[in-house]
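First to last, the protein sequences are chains L and F. Under our numbering, the residue at position 196 of the first sequence is numbered 196, and the numbers go up by one with no gaps. Under our numbering, the residue at position 206 of the second sequence is numbered 206, and the numbers go up by one with no gaps.
Misleading hints may appear alongside valid ones.
Because identical chains share one entry, a pair is satisfied inside a single copy or across any pair of copies.
Restricting the straight-line Cα-Cα distance to at most 30 Å, the calculated cross-link-like pairs of lysine-lysine (BS3-like) are [to be verified]:
{"#": "1", "residue 1": "K383", "residue 2": "K291"}
{"#": "2", "residue 1": "K251", "residue 2": "K149"}
{"#": "3", "residue 1": "K383", "residue 2": "K412"}
{"#": "4", "residue 1": "K412", "residue 2": "K285"}
{"#": "5", "residue 1": "K172", "residue 2": "K446"}
{"#": "6", "residue 1": "K20", "residue 2": "K147"}
{"#": "7", "residue 1": "K358", "residue 2": "K20"}
Treat the hints as calculated values from the structure; they're not laboratory data.
Protein chains: 2
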Amino acid sequence: MNIVVVGGSAAGMAAAAKAKRTNPSANIIVFEKTKYVSYAPCGIPYLFMGLVDGFDKLVYYTKEYFISKRGIDVRTRHEVVKIDESEKSVVAIDLESGREVNVNYDKLILATGGLPRKPNIDGIELEGIYTVRNLEDGERLHETALKSKVIAVVGGGFTGLEFAEAFIKMGKKVLLFQRRNHVIRSMDPEITKIIEDELIKHGIELHLGESVVEFRGKDKVEKVVTNKGKYTVDMVLASTGVVPNNNLAAKLGLKLGSYGGILTDEFMRTSNPDIYAAGDNVETKHIVTGKYVYIPLAPAANKMGRVAGDNAAGGNSRFPGIVGTAIVKVFNLEVGRTGLSLREALDNGYNAVAETIKHISRSHYYPGHKEIYVRLVVDRETKRILGGQIVGYEGVVGRVNTLAAVITAHMKTEDLSMLDLGYSPPFAPVWDPLVVAANVIERKLK
Amino acid sequence: MNIVVVGGSAAGMAAAAKAKRTNPSANIIVFEKTKYVSYAPCGIPYLFMGLVDGFDKLVYYTKEYFISKRGIDVRTRHEVVKIDESEKSVVAIDLESGREVNVNYDKLILATGGLPRKPNIDGIELEGIYTVRNLEDGERLHETALKSKVIAVVGGGFTGLEFAEAFIKMGKKVLLFQRRNHVIRSMDPEITKIIEDELIKHGIELHLGESVVEFRGKDKVEKVVTNKGKYTVDMVLASTGVVPNNNLAAKLGLKLGSYGGILTDEFMRTSNPDIYAAGDNVETKHIVTGKYVYIPLAPAANKMGRVAGDNAAGGNSRFPGIVGTAIVKVFNLEVGRTGLSLREALDNGYNAVAETIKHISRSHYYPGHKEIYVRLVVDRETKRILGGQIVGYEGVVGRVNTLAAVITAHMKTEDLSMLDLGYSPPFAPVWDPLVVAANVIERKLK
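One chain only, chain L, in its complex shape:
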């Protein structure tokens, strides 16, 4: 059988590799538009910081590895331009030679990923304004950043914060513009305040509640104009979100969701049973709300790819959805969130309440213990834990993951307050911050 995969990033290569394992005799062909496959765009900011020595280090497995070791036919610099559902065929253009390549498929997997959301701002097409999704974007951005002195980052989401820090560590002056009054939309302001203080402390010029209305310049961008002022800059990184790359899917008439992402069942099958989709081009079920959401993150993309590849090759796997777990390092701060923020919970119709506690990461007498803030979002009626946000200087990530499991398992406040978490003075106080947070919010609910 022929399985054709469109897109060779996380989801696409996970799909291809798993399909081959499930059905070793299958013929797997991957078309990837850029020169890289199986790469980690999340590593780009760390390369800018000098922690990663070359873009090739951000590749998990090379094209050659997939071809020679895994028996997968990987074609980079190939852009799929047409899919014929009735013929079950794909047309790709070899971007080197310009030649057309035609292949037939039994099963097709769309892993076309996401595209940077281009904000609708005057002057956005000027030279010197960048977005970043893949390694080639990263290479271009890096080249210009090296020559720039003042860099504006538009958008205070996870990616915006990572690049803002990277530019600071490159010795640049960094202006961060965020339209809303706080960074990270999916977290509540009670927690993001701590993150904002950390950004300012490390020299980022933070402009909250400030909308960019125009980019100005002759040959290239020279000024950022906002509702509050004008700023001279050398370059701009627009980091205002991601949208599903749904071009091919839309042409095929596959069912799309309200965010423009492809809708699939839990087997990652689209509305055409011979076409699967996985990664940042699909919408997925939120395990708390049961609704389709668009939260494009790498772990889910990989897992969806694995499920799509397995099923396309005759296996039987399910992708249960996500709880929106995301973590990020902001200078010395560890930041994480999972489930719903209070705003998200209220928007979804829950009678939700939230409480933030401050505790310490280790026993009070053990040297080096740090402050840690835990915020829980709970449904008043069922006492179910809907979400959690944690910020601190250590011990954050493991606790966020623990909450991800707690939320996935539909646990209630009393379950968390009695959860058997580990204790040892170098790692945790005897009453873990998660348990304390559960106890405090339980008291509030009484």
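For this one, chain L is given, so just place chain F on it according to the hints.
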């Protein structure tokens, strides 16, 4: 109402504090035999290492705090010698004055803790052989350790390892004797091998599979005799486990379990409805097996105390049991376990299988990533995850806690393989070690 608490360590003080919160007009009296209440014996090894500056630092809240700020009548250096069920009265001896104190109770809470298990070895009564449970034990042990050059630790459990490391950091020569062929009974040898290598690397003379048969000496211990040899030592720490301090409970005829611990319901009520029990003197339900077990650890003791105190004062809380989560630092290694080991699973009649994987703690390209080993124990029939053991140089504890939640929630391998765990290069690879371990064992089960 009068609530009398016997024992002022973790469980007792948690019970007293919660009872007062639940019923502020209740009269709460705590009798504690030693001079300390609300202390952290787990901190003693770190004091020996020079990380904690004085035994008073290991006290969470002082007697004076409880009396003046919380309105709890705390009486240290008072030993309860008699309880009369029909009169509902308690007799305590003031160890300073020798006088008898009589009080009546409406509800009684037994929080008498555990006692060090004294191994049945010839010469165990010699001077220079120590056990440690409370801060006063720690003070005596410290005084002798300071004057000793060669110290034998008998028992390679969590506490034995912590003290062995502490003695090394005090500059002592340390011999660690472990009757079984591997350290930490509740972990499998596939994982403890890594811990044993760490102990040896840091200078501990490790004697595995070696039983101590006699202690010899004139005025004090001078030699440890095993089934394999004789060793000259200056002192001995016997760290061969804990048994429930069930003296008063046995006299009262309260129902005890097979480990000698008091049996309670989930409200922490003993077989006498006016008597509660909490902490290291009780047996508790294992959430995986549903059977009573005796795993005396501080987080459970605190939680049980809280539940007992609440209910004794008229509240309504439940303690659901434990999954046996335990973590420990062994030199530079982080070690943790939760649920059942393979041996425990097999002993409990499960058709269990285990698999150990090696992965890295962060993205491969992010500097400082460390090896991490994850072992999962799974029931072949239901695919339910029964237990997990993790060892590595970072990122262990949070993953153990995540597994604790996974196991408490009765998740299966496919749930863990699809769990939405956080990803960011400084903190985790995109396929988290927990997810990889689940994928690997899933493949084995097919």
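Checked hints:
With identical chains, the CA atoms of K383 and K291 are at most 30 Å apart both within one copy (20 Å) and between copies (28 Å). In this assembly of identical chains, the alpha carbons of K251 and K149 never lie at most 30 Å apart, being 43 Å within a copy and 80 Å across copies at closest. In this assembly of identical chains, the alpha carbons of K383 and K412 lie at most 30 Å apart whether taken from the same copy (5 Å) or from different copies (24 Å). In this assembly of identical chains, the alpha carbons of K412 and K285 lie at most 30 Å apart whether taken from the same copy (21 Å) or from different copies (20 Å).
In this assembly of identical chains, K172 and K446 lie within 30 Å of each other by CA distance neither inside one copy nor across copies; the values are 51 Å within and 54 Å between. Taking CA atoms no more than 30 Å apart as the test, K20 paired with K147 passes in neither setting, with 44 Å inside one copy and 66 Å between copies. Proximity of K358 and K20 under a CA criterion of 30 Å is satisfied inter-copy only: 23 Å between copies versus 49 Å inside one chain copy.
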